[in-house]
Every structure is written in C-alpha cells, then in structure tokens.
Amino acid sequence: TRIKNTHTHTHTHTHTHSLSLILLAEVRCMLNIWGVMLFIRLSWIVGQAGIGMCTNAVTAFTLLIKENIYRLLFVSWKLLCLSVLVIGMATVVTTITGLSTSAIATNGFVRGVCMLLSAIPTNYFVSGGAYYLISRSLGPEFGGAIGLIFAFANAVAVAMYVVGFAETVVELLKENGTLMVDEMNDIRIIGAITVVILLGISVAGMEWEAKAQIVLLVILILAIGDFVIGTFIPLDSKKPKGFFGYKAEIFMENFGPDFRQEETFFSVFAIFFPAATGILAGANISGDLADPQSAIPKGTLLAILITTLVYIGIAVSVGSCVVRDATGNINNTIVTELTNCTTAACKLNYDFSSCQAGCQYGLMNNFQVMSMVSGFAPLISAGIFSATLSSALASLVSAPKIFQALCKDNIYPGFQMFAKGYGKNNEPLRGYLLTFLIALGFILIAELNVIAPIISNFFLASYALINFSVFHASLAKSPGWRPAFKYYNMWISLVGAILCCIVMFVINWWAALLTYVIVLGLYIYVTYKKPDVNWGSSTQALTYLNALQHSIRLSGVEDHVKNFRPQCLIMTGAPNARPALLHLVHAFTKNVGLMICGHIHMGPRRQAMKELSTDLAKYQRWLIKNKMKAFYAPVHAEDLRDGGQYLMQAAGLGRMRPNTLVVGFKKNWRQVDMRDLLGSISVRLVISQKDLSCMKPLSDRLRLFCIAGPAAFNILFFVIWKLISKNISLTRYSPLNLADQRLLDASTQFQKKQGKSNIDVWWLFDDGGLTLLIPYLLTTKKKWKDCKIRVFIGGKINRIDHDRRAMATLLSKFRIDFSDIMVLGDINTKPKKENIAGFEEMIEPFRLHEDDKEQEVADKMKEDEPWRITDNELELYKTKTYRQIRLNELLKEHSSTANIIVMSLPVARKGAVSSALYMAWLEALSKDLPPILLVRGNHQSVLTFYS
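13 is the number of the first residue of the sequence shown in the numbering used here; add one for each residue after it.
Because the hints were derived from the structure by calculation, they are not lab data. What you are looking at is a predicted structure, and each value in this text was computed from that prediction instead of being measured. Not one of these hints is a red herring.
Restraint-style ranges between C-beta atoms, simulated for each label pair:
| id | residue 1 | residue 2 | range |
| --- | --- | --- | --- |
| 1 | Ser625 | Trp547 | 21 to 27 Å |
| 2 | Glu866 | Lys793 | 57 to 63 Å |
| 3 | Ser567 | Gly120 | 32 to 38 Å |
| 4 | Gly100 | Asn558 | 33 to 39 Å |
| 5 | Asn575 | Pro543 | 33 to 39 Å |
Here are the computed lysine-lysine pairs in the DSBU-like style, where the Cα-Cα straight-line distance is at most 30 Å:
| id | residue 1 | residue 2 |
| --- | --- | --- |
| 6 | Lys904 | Lys808 |
| 7 | Lys842 | Lys892 |
| 8 | Lys793 | Lys764 |
| 9 | Lys641 | Lys574 |
| 10 | Lys764 | Lys795 |
| 11 | Lys432 | Lys541 |
| 12 | Lys845 | Lys865 |
| 13 | Lys794 | Lys904 |
Think of the CB as a built atom: it goes at the ideal place given N, C-alpha and C, for glycine as much as any other residue.
Turn these sequences into a full structure, and let the hints guide you.
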C-alpha cells in the first residue's frame with residue numbers, strides 16, 4: 013500500500029508539474045498574440061473586410077428561404093466570413109509553422125530557441141531565435157540570410173508596438189483636448205520618448221520581466237472580459253458613436269466587405285498578420301522548462317486554438333454591435349421616418365448619412381472602438397499599454413540578441429563588431445543602439461498600417477524557411493533527424509512554405525520580390541565565402557543522400573567513349589608539396605573529372621596511422637581552402653611501390669574511380685642512392701601486361717600519364733614535368749636569391765592566366781586520343797582560353813602536305829580547334845654528336861661495362877644492381893636512344909616558347925630495359941624545355957566523331 017501511495021503521489025506531482033509547464037508556454041504565447049492588433053486594429057479590419065464573404069450568393073439564396081430552420085442554417089453558413097478568413101488564414105500559416113517549430117525544437121536542444129519570433133529573452137542562454145532554428149537545420153547559407161532579415165523585422169516590430177502605444181496615448185490626449193501639435197506629430201514625439209525609455213530599461217536589465225508575465229496576462233484577460241461585458245451594455249450615450257449592442261441589422265450590414273482607400277483583402281491581411289507572429293512565441297521560454305519537448309508543442313497549439321477563437325469571437329461581436337460609420341453627434345437621431353435611408357443605423361433611428369464626407373466614429377474611422385464599447389475604458393487602455401510596451405520591449409531586446417548570435421558565428425565578417433557583449437549577461441550594447449536607430453526611423457513614419465505590412469513580409473519569409481527546413485530535414489532522411497514531436501508532416505510543411513511565399517507575393521509583389529532577391533543575394537554571398545562552420549545541417553545530409561543515390565545509379569551505367577573524362581590519381585604526397593603539379597591537373601579536371609591526391613605514409617604502422625588520421629582532415633581542408641575540387645587519399649605502406657598499388661586498386665568508389673595516373677618526375681634521380689630509387693620505382697618505371705594484371709579494377713581503363721618537374725620523389729608511373737631551373741633548394745626563412753625566385757615562379761606558374769601562347773601537342777603515337785583530349789580540356793578553362801593548340805606529328809618528307817590535310821580532317825571530325833599542324837619529316841634523323849656525347853656522359857655512372865669484367869663478376873654485379881645498363885642493352889636500344897635525343901632537339905627548335913608541351917610517353921617493357929636507361933631517356937627527352945606533359949593512353953578511344 014505504501015508503494016502504491018508513493019507512486020500515486022509521484023504521478024500526481026509529475027502530472028501537475030507537466031500541466032504547469034504547458035501553462036507557462038501557453039501564457040507566453042497568448043501574451044504575445046493578444047497585442048496591439050487585437051485592441052486597436054481588429055475592429056478596423058472587420059469594418060474593411062466585413063463579416064461575410066458570400067454576398068452575391070447570399071442574395072440569390074435568400075429568395076429560396078421560407079422556413080425558420082433554413083434561416084438558421086443560412087445564418088450559420090454566412091459565418092464563413094472575410095474577417096474570420098483573415099484570422100483563419102493567419103492561423104493556418106502559423107499553425108503549420110508551429111508544428112514545424114515544434115518538430116525542430118524537439119529534435120534535441122537548439123541553443124537560443126528562446127528568442128524565437130518576437131519573444132522576450134530569458135537569462136538561461138544566448139539567444140538566436142529563428143536564426144538558430146534555420147541555420148542549424150538548413151546551414152549557414154539560409155540561416156545567415158534569414159538571421160539578418162529576422163533581426164531587422166524585430167527592430168521594425170519595436171516601431172509597430174510603440175506606434176500602437178502612441179496612438180492610444182494620442183487618442184486619450186485628443187479626448188481631453190490636450191494635443192501638443194497634431195495627431196501625427198504627437199505620435200512621433202510620444203513614440204520617440206517611449207523608445208528612448210525602453211532602450212534604457214533594456215540596457216539596465218530584464219530580470220523582472222519573466223516574473224511579470226502572469227500579471228500582464230491577467231490584465232489582458234480582464235481587458236477582453238471588459239469588452240465582452242460592454243457589448244451587452246449598449247448605453248444611449250454610445251449610440252451616436254455607432255455602438256447599439258447586438259443587432260441583426262448591424263450583423264447583416266457588416267457581413268459583406270466594404271474596402272475603402274484602395275484597401276484589399278490581402279492588404280488588410282498584411283496589417284493583421286503581425287498579430288499572428290506571436291503564436292510561436294511560446295518557444296521562447298524553453299530555457300525555463302524542464303521538459304520543453306512536451307510543453308512547447310502542447311502550449312503553443314493550445315494557445316493557437318484559444319487565441320484564434322478569441323479573435324474570431326471578438327471579430328463577430330464587434331461586427332454585430334458597431335456600425336461602420338458614425339458621427340458621434342447626438343443630434344443625428346431620426347424623429348420622422350426617412351424613405352431613402354436603408355442603413356442599419358437608420359433602422360435603429362440614427363441618420364449617419366453625413367458620414368459620406370467623413371466621420372470620426374464607427375469601425376472604419378475609430379481605432380479605439382474596443383475602448384468605446386467596453387464597460388470600463390481605462391481597463392482597455394491598461395491592456396493596450398501592457399501588450400504594446402511588453403511586446404516592444406521584447407522586440408527591442410530580441411533583435412540585438414539575434415544579430416549578436418549571427419555575428420558571433422562570423423558569417424558576415426563586416427558585422428563582427430556587433431558580436432561583442434558587455435557585462436555579466438554579455439549584453440549587445442552596440443546592437444541595442446543599432447536597433448534603437450532602426451526603430452526610431454520607422455516610428456517617424458507614425459502610420460501603423462504602413463509599418464505592419466513590412467513586418468508581415470519579413471516574418472512570412474522566416475516562416476517559409478522554418479517550414480522548408482522541416483521538409484528539407486525529412487527529405488534528407490538523416491538518422492539525426494528524430495523529433496520527439498511526431499505530429500508533423502513533411503509535405504504539410506512544404507505546403508506551409510509555399511503558402512508563405514504566395515501570401516508574401518500577393519500582399520506586396522515588389523516587397524516580396526525584394527525579399528527574395530535579398531535572401532538569394534545573401535545566400536550566394538555566404539555560399540561563395542564558405543564560412544568554416546559545421547552544424548550537421550540537413551543540407552549536408554541531403555547532399556550526401558543525393559551523392560549516394562547518384563553514385564549507385566551511375567554504377568549500373570556502362571562507360572561510353574562520349575562520356576569519357578580523365579579521372580586522375582595524382583601522386584602528390586602532401587598536396588601543398590607540389591603546387592604546380594596540382595594546379596595543372598586541376599586545370600583540366602575542375603568541374604569535368606575526378607582528382608584524387610594520393611599520399612603514401614611509410615614507417616612504423618602505429619605512428620603512420622596517427623599521421624594518416626591527422627593529415628586526412630588537415631589536407632582536405634587545405635584543398636577546400638585553396639578552392640581545389642579534389643579528394644585527399646592517404647594510405648600506409650611499407651614502401652612507395654606497394655602504396656601506389658594500394659591507391660590504384662582501392663581509390664575511388666563505383667564509377668568514380670581513377671582511370672589516369674599522374675606522377676611527378678624526380679629531377680635529382682642521378683644523385684640519390686640507386687638502391688633507394690629501386691625500392692620505389694625500379695622496374696615499375698617500365699610497363700608490361702603483367703604489371704597491369706595486378707591492378708584488376710583499373711586494368712581495362714588505366715591511362716598512364718606523366719609529368720616531369722621539380723617535384724620531390726614520389727614517382728610510381730612514368731611522367732615528367734621539367735622546368736628550366738634544376739637542383740634548386742628553397743629554404744623557408746632564407747631570403748630569395750635568383751634561383752629560388754625562379755623555382756617559386758615555376759611552382760605558381762599554373763595559378764596565373766596563361767595569356768596568348770601555345771599548347772604544343774606532339775602526337776607521335778595513336779594511344780586512343782588522350783594526348784589530344786587533355787590540351788582541349790585545358791583550353792576550355794578561363795586561365796588557358798587564350799592559348800592555341802599546335803599539333804606536331806611524324807611523317808615522311810614526300811607526304812607532308814597529305815599528312816597535314818589528313819590530320820586537319822581528323823581534328824575537325826573530333827571538333828578540336830587548332831591553330832597549326834606541323835609534319836616532322838626529319839624525326840628519324842641521327843641527333844647531333846655533342847648531344848649523343850652528353851647522353852653517354854649522363855649514363856656513364858650507371859653502366860655495367862660487362863665486357864671489361866669477368867663473366868662471373870659481371871653476372872654477380874647485375875644481380876645485385878639490376879638498374880645497371882649493360883653494353884648489350886645499350887646497343888640493342890641505340891635507335892630508341894637516338895630518337896629521344898633527336899626529339900629533344902626538335903622540341904627545342906619548335907616548342908621552346910610554348911606554355912606547356914603535351915607529348916606521347918615512350919614506353920619500354922619490363923625486364924628488357926633497365927630502370928636507369930629508361931630514366932635517362934626521359935631526362936634526355938625533356939632536358940631544357942618548358943613544362944612537358946608525357947602522356948600514354950591504353951589504346952582505348954577517348955575521342956569520337958560520332959554523335
């Protein structure tokens with residue numbers, strides 16, 4: 013029994029506590045909803061929009077009504093009205109947004125949700141409101157855009173609430189005949205004084221505000237009750253002002269709309285809508301709630317239901333009690349029956365026909381109708397004062413807090429000065445001053461009907477993005493999207509977002525268009541700047557989902573020659589170690605193909621794995637920061653040879669796998685210990701079918717493509733990229749000498765615009781067309797677009813014209829533009845003696861000279877040092893050696909001024925040509941030339957002239 017009683021007590025306590033939390037959230041909502049629009053604009057909205065919307069259909073249907081029961085149904089049907097439609101439309105928008113907000117707010121703790129939608133901050137955490145909801149859901153691009161707009165909307169809201177307060181004060185002054193200047197200027201004066209006082213209060217501290225919520229709500233409820241009681245007490249003194257109590261005649265007359273002064277349904281809606289923005293303000297006290305995931309949705313939805321019913325009830329009540337126009341003159345009573353007077357007032361013995369020239373009373377003319385109708389007018393004034401001043405103070409505090417939160421994220425570096433806070437509560441004093449100046453500027457307009465649509469536009473933009481963020485998060489199917497609030501639907505949220513955008517456009521098309529342009533402009537700016545933040549947004553989740561789905565879909569598609577693109581595995585090591593190699597490859601893969609920067613870590617496994625994990629994040633960030641569209645792929649291996657094989661077999665995913673290998677040339681290969689060289693490149697510098705068979709995933713589409721240059725040792729497959737300056741060491745902190753400066757210029761040469769120069773293509777072998785495709789891709793890029801392609805081919809002297817025409821025809825079919833074609837008839841001529849002598853001098857340290865040694869000694873030496881060049885090998889490949897030397901001579905003659913040379917790569921079979929001889933060929937071929945790109949395809953076509 014004891015246990016049972018304890019459980020019952022605990023359950024009762026928990027239930028009571030939950031009800032108090034829901035009530036707390038509901039109180040905050042209702043306090044923000046029952047504001048300036050309820051007391052001083054709702055009656056005007058009823059006057060403009062009327063109670064009924066079906067006037068024409070009603071007239072026809074009335075003729076058919078005979079029985080009282082049909083009359084009852086008819087009256088019920090007529091209650092579908094424009095004023096109710098205004099309220100209902102706002103409720104639909106905010107209810108959908110409330111559901112979306114509940115979903116976001118219950119998907120974990122969102123820092124700063126307390127400042128959501130014109131609410132008052134608490135002392136529990138830094139506030140960010142809709143900015144935090146949207147930015148943490150959709151990312152900084154949308155969040156940054158809406159953060160500025162929402163902060164500005166709250167600043168303008170200060171002006172709206174203050175002007176509403178000033179209007180009421182001026183009305184009281186007018187009744188007592190104590191106006192200072194005139195109505196408009198008095199509103200400006202009182203508004204300016206009020207906002208200065210509010211600024212002082214907000215800077216001094218807001219600790220008392222949370223405790224005053226219940227008191228303020230009680231005042232508002234008493235004021236509403238005061239109005240309701242007043243509707244049942246139609247005093248004779250109020251009849252000249254248009255108040256007659258509940259009359260069927262008034263209800264019927266006010267049923268239809270009577271838009272005046274160029275007002276329309278949507279312009280009236282725009283004026284009313286700021287009242288609905290408070291519907292979501294219950295989320296502002298999430299910092300005070302022990303269980304916000306339960307209290308916020310329930311409290312918000314209850315507040316929506318209660319306040320909507322109150323708004324509709326007051327709209328119908330005031331439309332049933334007060335006529336649209338009244339003079340306020342007691343002498344307008346009708347003594348004798350008028351034959352031409354058909355208004356409701358005439359039927360109630362009052363003639364307000366003189367109001368055609370303008371009146372001061374009635375729904376259309378008097379904004380203080382609720383005060384006039386009420387049983388005790390000062391209580392209505394107290395309600396207006398409490399609602400307007402508390403809401404103004406809330407917005408005055410919320411706008412700087414939202415702006416401060418935005419600035420702290422450093423999305424807009426130019427606003428960083430507003431991120432600074434002062435005092436123990438980190439108050440944004442600079443933001444207060446900025447908000448004060450914006451509010452003061454709009455207060456000087458002194459027209460509530462002008463200010464309200466501006467706020468509506470910005471709040472609708474915020475709501476649209478909140479709804480869209482829920483749709484986007486649901487669409488992304490992120491495992492992290494798990495709202496505790498289950499009563500939302502992604503498609504309803506999408507409809508809510510679209511509805512907000514449509515309403516914005518219908519209210520004021522140019523203001524909506526301007527808002528769209530501002531949001532789009534800020535989105536593009538933030539996207540371009542790429543702030544260094546990671547909030548786990550739904551944009552990231554959807555990007556991953558799209559990439560995954562498209563990668564899987566692509567895997568089922570066979571390769572086609574028309575869709576071939578170079579997907580490069582570039583052996584860079586650390587990406588920042590070889591900038592020229594990286595930028596050249598990026599020039600023809602950017603937005604076209606895949607680029608993976610391979611980095612092989614060697615050494616003790618445990619240490620290498622730590623470095624690998626650190627470098628993965630470090631160098632990927634470096635690539636992004638330097639705007640390189642590439643991936644970084646590190647591996648651990650015992651040596652470079654194995655590491656290269658690992659990368660070629662495992663790099664990529666599905667169809668997004670490398671088909672082209674890019675390697676830098678080791679310029680000092682002659683100075684290093686050949687044993688170390690053998691361990692890394694050795695026979696891997698010579699290709700054979702056996703080598704390719706060990707890389708099954710790549711064997712059918714591997715293209716070997718090499719670049720020679722001043723890159724550090726990281727060669728796996730043949731390529732050279734050589735610069736004129738050689739053997740230059742660059743010390744980080746030493747002053748640059750001439751040689752160092754030349755190397756620095758060489759390392760950055762492909763980052764600059766290439767100007768009007770040439771790309772020389774030496775197409776010596778038909779390897780499938782890769783040697784032609786890469787130069788073409790280069791010329792499609794902005795930095796290379798002014799370069800012209802010149803094509804050099806081998807041929808016979810007696811067929812030069814024929815070969816030139818045949819090549820021109822082929823290039824035209826391939827749709828590759830070229831500036832010139834040169835046929836080299838002397839390509840097989842023996843090179844100059846001094847160049848042959850230079851080659852022999854270069855290879856001398858690597859020769860075996862077996863003829864000068866005993867057979868046993870020579871065999872042993874060949875076994876220990878397999879890179880050695882034998883006399884037999886040198887004689888066997890003399891023709892090929894002379895060809896490389898001769899090509900170097902021709903390259904110097906024809907292409908010494910080219911920006912880059914693209915040339916077919918000489919290939920030798922494994923086991924037939926020693927490593928040293930092959931390296932010597934590449935050295936002789938590329939000596940003293942501009943950057944040279946040596947390319948060898950796998951003889952599968954990459955170009956086609958078929959459509």
